[in-house]
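Asker: Residue numbers (our numbering): 1 to 879.
Quick caveat, the hints were computed from the structure, so don't treat them as lab data. Check each hint, because a few of them may be wrong.
To be verified - In silico lysine-lysine, DSSO-like type, Cα no more than 27 Å apart, as pairs:
id, residue 1, residue 2
1, Lys705, Lys18
2, Lys163, Lys548
3, Lys686, Lys671
4, Lys548, Lys609
5, Lys548, Lys90
6, Lys583, Lys15
7, Lys311, Lys339
8, Lys820, Lys833
9, Lys90, Lys130
10, Lys588, Lys671
11, Lys361, Lys163
12, Lys851, Lys871
13, Lys18, Lys130
14, Lys777, Lys588
15, Lys90, Lys131
16, Lys535, Lys6
17, Lys130, Lys34
18, Lys535, Lys90
19, Lys583, Lys6
20, Lys753, Lys776
21, Lys851, Lys833
22, Lys318, Lys210
23, Lys18, Lys686
24, Lys240, Lys210
25, Lys748, Lys822
26, Lys142, Lys96
27, Lys131, Lys748
28, Lys710, Lys131
29, Lys347, Lys332
30, Lys662, Lys588
31, Lys286, Lys332
32, Lys484, Lys583
Stated by the list, open to error - Label pairs and their computed distance ranges (CB to CB):
id, residue 1, residue 2, range
33, Arg534, Thr237, 49 to 57 Å
34, Glu815, Tyr786, 49 to 57 Å
35, Arg367, Lys332, 27 to 35 Å
36, Val448, Arg534, 53 to 61 Å
37, Glu516, Asp8, 16 to 24 Å
38, Leu728, Asn763, 17 to 25 Å
None of these values were measured; they are calculated from a predicted model. Beta carbons: idealized from backbone N, C-alpha and C, even for Gly.
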Amino acid sequence: MNIPSKYDAAEVEGKWYKYWLENGYFHSKPDERKPYTIVIPPPNVTGVLHMGHMLNNTIQDVLIRRARLQGFNACWVPGTDHASIATEAKVVGRLKERGLKKSDLTRDEFLDQAWDWTREHGGIILEQLKKLGASCDWDRTKFTMDDDMSASVIRVFVDLFNKGLIYRGYRMVNWDPEAKTTLSDEEVIHEERQGLLYYLAYPVEGSDEKVVIATTRPETILGDTAICINPADERYTHLKGKKVIVPVSGRVIPIIEDEYVDMEFGTGCLKVTPAHDVNDKNLGDKHGLEVIDIFNEDASLNHHGLHYEGKDRFAVRKEIARELEEKGFLVKTETHVNKVGTSERTKAVIEPRLSDQWFLKMETLARPAIEAVLKDEEIKLFPKKFENTYRHWMENIRDWNISRQLWWGQQVPAYYYGEGKEDFVVAENQEQALELARKKTGNTSLDVSGLRQDPDVLDTWFSSWLWPISVFGGILDPENEEIKYYYPTNDLVTGPDILFFWVARMIMSGYEYRNEKPFTNVYLTGLVRDSQRRKMSKSLGNSPDALKLISDYGADGVRVGLLLSSAAGNDLLFDEGLCQQGKGFANKIWNAFRLVSGWEVSETEPAPKVAEVAVRWYRSKLGQTLHEIEDHFAKYRISDALMATYKLIWDDFCSWFLEMVKPAYGHPISKTTFEQVIALFEENLKILHPFMPFLTEDIWQHIEKRDSDKALVVSDWPSIPEVDHGLLEGFAMVTEVISGIRTIRKDKNIAFKEVLELHATHNGSAFNGNLDEVVKKLGNITALHYNIEKVEGSVSFRVGADEYFVPVAGSVDVESEMEKLKEELSYAEGFLKSVRGKLSNERFVNNAPEKVVAIEKQKEADTLAKILTIKESLSNLGK
RNA sequence: GGGCUCUUAGCUCAGCUGGUUCAGAGCACCUGCCUUACAAGCAGGGGGUCACUGGUUCGAAUCCAGUAGGGCCCA
C-alpha cells in the first residue's frame, strides 16, 4: 500500500464528494426497502452558512448516513425558502443603491429583480453544505417559490378558506414601519429599553382641575379618545361623567371607567389610544370609543399629528415633550424600563396598528397537534423538556396572521370585485375567481378587469409549514407514489427558536392534509454561542467563517468539533479548539492506518497468543461499545455516540489493541492477525463514517481497490459482535497491572526498554486466556511468577486482593514504600469502617434489598483481604 | 407579572425509576518521555461539602419544600 505521510483533507474531501455524487449514492427513489427520510429545515435562499446551519446539518448528515449504512432507503431532501421580508429588504436595498425606490417599479418589475437576486445568491448556502459533506439528494432540491410549491400554498389557502378557517379581519397587528409590513407575534422580539414615563396633566372641562396620567409615549396623545379610571378608585370618583381636554390638540374626550385600569401603576389614570395599543383597542371596542390613527405606514405622523405631520414618531416624542413642558402640561418625568417589541428582521420598533389582514383560525388545527405530541406521543421531542414549552404555546394559541404587505411571495388569492368588505372571492386563479364572482354577484357581464387581486403576499411560514408534504408533491397530488412512500418522514433536526414558527405548524398541516404526523422525532439542537456565551451574530462579528474553518481543520474536523460539545438542547459554546481536537482525531486515525499499512505480512508466521487474545478482546469491546452507541443514538445523544466512538478508536483500538498486535521491530505480522486487524479497522471506519465521512471513505478505499458499489458510504453498519464479559473484566484488571508496572518504571526511572520480572500472589488464574501474554508484552516483562508470598528487594502494588512485586536493581527506598503502604492502609481502613457502619445498622440490613446488602458484604470481605496483604507487606518491609 | 428550566472538577457537560456505573467524561492543568504510526504524540498525576437551607428515608447529586442566582418562552 502506498500511503501519503500526511492526510490532506482538502484534496480528499473534494475527491470523494465528487465520487459520491457521480455514483448517485445520495439519490433516493422509492423501492422495496424501508424509507428513512429527513427534510432539511430550508435555510433562507439568500443566506450564507453560519454555525447554526453547520451544527444542524452535520447532525442531519450523521443520522442520514447512519440510516444509509443500516440499509434504509435514505432520503434527505434539501432546499431553501424565499424569506419574504429578508429578501425583499435586500432587493429594496439594492434598488436604493441605484437610486430607485420600490414604488418606482411595477409589481412584476420588482419580482423580476427579486428573482435575479435569488438566482445570484440562492444556492450559495447549498454549495456550502456540500463542502461540509452533506449527503442530500440534490436532485430533489426544492425552493418554496417553485411553481409546484407555490401552487400547493395557494391550493391550501383556498381550501382552508372554503373550510371557514381563513378569514379577513380588521385587527391590531404588529407593524414593522421599516419593512412596511405586519409581522406575526412570533417575529416580534421584546426587548427591555430604558425610557421615560411622562406625567401629563389634562385639564378637566369646565373646571380648573387637572387630571394627571402617565405615559411612555407622549406623541400618542394626539390619538387619545378617552381617559380611563378604575371605578373603585376613590381619588377620581368626583370625575365620573366629566370630560377632559387633550393638550396640544384641544380635543375634548370623555372620562370612562373600567376595572382594567391598574390603580397602582403611574397615577392610576390611563389615557386611551385605541389605534395604537392593543389593550386600548379592547377598551375602545368595549366603550364604543372613536379610533384616531395618527401614523402613516412608515410611522411618521399623518394629518392627525397637526403641526407634527410628516415627522417621525421618535422625533415627535422629543418635540412634543418640549411643547408640553413649555405649555405647562408636563408635570414630571421618571426613568422607566419597559419592554419594547422589535422586528426580528429589521430591528425596527414595532408599532401596533389596525389594519385588514388575513388570519388562520388555529384552534381546531392545534387539537390533533397537541394530542400527537403530548398525549399519544406519536411525535417525540428531544430533549423532552421542550414539551412543556410546546404545551404552553399550543394551549394558548392565537390565530395566525398570514398576510404580509410585501410583494415577494405567494400573492393572496383573494379577488375583489367591489368596495364592500365582503365583496371578494377566493380562488386558485383568475378564471375560477371570475366564475365565482359572477355567481356570487349574479352579474354575468363581470369580466377580469373588474377583479382586483389582494396585493398582499402570504407569510413565508405559510409555505414552509407544508414543507414535508409539498416537497413530495403531496398537496397537489395526494395519492402520488412519492408522498405515500416517504411520508411521514422520520427525523426533523432544527433549533428550538422555531418550535412554534415551524415545527408546531408542520404538525398541524400534517394532520390536516395527510391525516398523519409529518415526522416521528424532533431533535432540537442548542444555539451556537461564542465562548463568552454570546449569541453568534453578524453585528458582533463573533461568528467564524464557516468555509475558513473547513479549510483550516477539514470538514471532518469541524464536524467532530461541533458535535463533541453539543448535548441535545444545550447551547453549544463554540471554540475553535474543538475543531482542532477533531482534526487531531483525524490525524490519529490516519496514523493508525499508516502503522497498519506499513506492516510486512508473513504467510508462514503463526499468530502469536497475545494477538489472538487481543483480537478476541477488541471484538468484545467493539460489541460493548456498539451497544452503548445504539443506545445513544436511540436517545438522540449524538455527542455521546461520538465520544463513545472516539474513545473506542483512540483508547481501545490505538492505545491498547494496536500495541498488543504490533509486531516487534523488523518482524512481520502473521497473515491471520493482519487480516483480523484490517477487518476490525473496517468495522471502526463504518461506525465512524457518519461523523467523519471523508477520512473514513479515503482510508476505506486505501485499504483495497473497491468497485463503485462497495464504497464505504453504501456499505453496511456493523452487526454487533458477541460480548465476552469475563474477558472484558479480566482485561480491565490486566490494564491495572500494566498501569502498576508503568508507575513503578516511572518512579524508579526504569526505561521501558529495560526488561523486568513480575511476581504475583495469585496462581495465574487471574490471567486467564493468555492475558498473561498481554502483561508480558505491554509491561515488557520477561517472566511471570505465581504463588509468591513476598520478594526481597522489590516494589509492590495491589490490584484487587492480589499483590504484585517487581524486583528492582539497587536499593529500595523502604521509607517511601512504607509511606505509600500506610496511605493505602488508612484509606482501606476508612473504607472498611464506612461499610461496617452500614452493615451494623439494623435498619439497613432489614430494609435494603438483599442484593445491596450482599454487595456491601462483598466489599467488606474484599477490603479485609486487602488490609491483610498491606499489613503483611508492611511487616516484611519493617524487618 | 405568568410559565418552564437550570446550578456537579478551572471550562463544557454526563449522571435514567434513590443503593459499587456514585462522585464521572472530554478539554484545560501538572510531571516525565523526541519509544522507529502519530510531540496534533505517549505514559503518569492532581483536582468537586454535587448552589444554599430544611424535610422524607436505613440510605439523597438523585425525591419534596423553601432561599439565592442564571437561562428560555409568553404577556
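Asker: Compare the structure with each hint and give your call.
Answerer: Results of checking the hints against the structure:
no.	hint	in the structure
1	Lys705 / Lys18	holds (17 Å)
2	Lys163 / Lys548	violated (51 Å)
3	Lys686 / Lys671	holds (23 Å)
4	Lys548 / Lys609	violated (49 Å)
5	Lys548 / Lys90	holds (25 Å)
6	Lys583 / Lys15	holds (19 Å)
7	Lys311 / Lys339	holds (24 Å)
8	Lys820 / Lys833	holds (20 Å)
9	Lys90 / Lys130	holds (25 Å)
10	Lys588 / Lys671	holds (24 Å)
11	Lys361 / Lys163	holds (10 Å)
12	Lys851 / Lys871	violated (30 Å)
13	Lys18 / Lys130	holds (10 Å)
14	Lys777 / Lys588	holds (23 Å)
15	Lys90 / Lys131	holds (26 Å)
16	Lys535 / Lys6	violated (36 Å)
17	Lys130 / Lys34	holds (26 Å)
18	Lys535 / Lys90	holds (23 Å)
19	Lys583 / Lys6	holds (12 Å)
20	Lys753 / Lys776	holds (13 Å)
21	Lys851 / Lys833	holds (20 Å)
22	Lys318 / Lys210	holds (23 Å)
23	Lys18 / Lys686	holds (20 Å)
24	Lys240 / Lys210	holds (14 Å)
25	Lys748 / Lys822	holds (19 Å)
26	Lys142 / Lys96	violated (30 Å)
27	Lys131 / Lys748	violated (52 Å)
28	Lys710 / Lys131	holds (23 Å)
29	Lys347 / Lys332	violated (30 Å)
30	Lys662 / Lys588	holds (16 Å)
31	Lys286 / Lys332	violated (31 Å)
32	Lys484 / Lys583	violated (42 Å)
33	Arg534 / Thr237: 49 to 57 Å	holds (53 Å)
34	Glu815 / Tyr786: 49 to 57 Å	violated (29 Å)
35	Arg367 / Lys332: 27 to 35 Å	violated (51 Å)
36	Val448 / Arg534: 53 to 61 Å	holds (55 Å)
37	Glu516 / Asp8: 16 to 24 Å	violated (47 Å)
38	Leu728 / Asn763: 17 to 25 Å	holds (22 Å)
The earlier numbered hints that this structure contradicts are 2, 4, 12, 16, 26, 27, 29, 31, 32, 34, 35 and 37.
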